[in-house]
Amino acid sequence: MVSLDHEGQGLAVVEEQMLELSELARTAGVVVVGTDTQRRKKPDPALFIGKGKAEAIHALKHEADFDLLVVNEELSPRQQRNLERTLEVKVIDRTELILDIFAQRARTKEGRLQVEAAQLHHLLPRLVGGRDLSRLGAGVGTRGPGEQKLESDRRRIRHRIRELDKDIKEIRKQRALRREGRRRIAFPVVAIVGYTNSGKSTLLHALTQAQVQMEDALFVTLDPTTRLVRLPNRREVLFTDTVGFIQKLPTDLVAAFKATLEEVQEADLLLHVLDATRYNGRDQMEAVHETLQDLGALEKPKLLALNKVDQLRPEAVDTLLGQDWSPYLAVVPISALR
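To get our numbering, take the position in the sequence shown, counting from 1, and add 1.
Rather than coming from a laboratory, the hints here were simulated on the basis of the structure.
Don't be surprised by glycine CBs; every beta carbon is placed ideally from N, CA and C.
All the given hints hold, so there is nothing to weed out.
Straight line, CA to CA, 25 Å or less: simulated DSS-like cross-link-like pairs of lysine-lysine:
#1 Lys-42 with Lys-52
#2 Lys-249 with Lys-54
#3 Lys-301 with Lys-174
#4 Lys-249 with Lys-42
#5 Lys-54 with Lys-43
#6 Lys-167 with Lys-110
#7 Lys-249 with Lys-43
#8 Lys-170 with Lys-110
#9 Lys-249 with Lys-301
#10 Lys-62 with Lys-52
#11 Lys-110 with Lys-174
#12 Lys-42 with Lys-54
Listed next, with one range per pair, are the computed distances between beta-carbon atoms:
#13 Arg-113 with Lys-62: 28 to 38 Å
#14 Leu-270 with Thr-109: 24 to 34 Å
#15 Pro-315 with Arg-113: 42 to 52 Å
All chains should be modelled from the sequences, with the hints used to inform the complete structure.
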């Protein structure tokens, strides 16, 4: 795996990004044998990394015995093609890795349709760019649409995208009808949002004691789960768990999952779950805010739940609570597991 420090981010931030990339790779079933970082003013237009760094990685290929390079940013079709030719291994970028995880995690017809649409939108310019699809196997970076679609010509892929877009529009209509039904019942709706693996599903489970899928991995939840919760004051509220956000969330993925993310747009209140143990918690919060901004939901009333405080010293929790967390209406330290 390789990353660039081309914005003067600092070693700690780059290390945190590489840790997240390692978690993404593990979730996708990739065995990580090494990581590398290069400091550059800007990405190389031909290779993304410098020519010397590419040659050094190629020299390590036989020693480390790897057949895949994962790059921690989105590559242009040209960069991806040139890297594969130079390194003689398959190369995927952060976007393809995330798309692959979504393809593995999609459980419902709705989720599978949305993932396939995102994958094909990402694939189309790479077909135009002339990427050698015959080298792609059934591993990471190719899961989902399948070999037969990957070998289709541009016209067939565009036709399939139109079909998927039509099906997804129908899903959006159905979700809108369900939301309208909930509004008629007049239950307030709380959408649980947050960075991936921050503990959203665990919190929903704790609130409802329902069998919500929980796992220490990224992107466990792709399909929204809505549960009715009776609060201590006996008021009933609908809580909806949503897909986790992440830094550099692929644009195609946000567009394809619009039907799912509309649950956030229609909520009365957002409950933002933040992993309080993360060094880059503020960066993760900013990534959530950026996605909410894209959805037109950033100005909604928000509560902040600082999760996993059981793993922190009491004075560290006090320090967190003493910080400025505006514009949140309130900040609450929690441990969703307890």
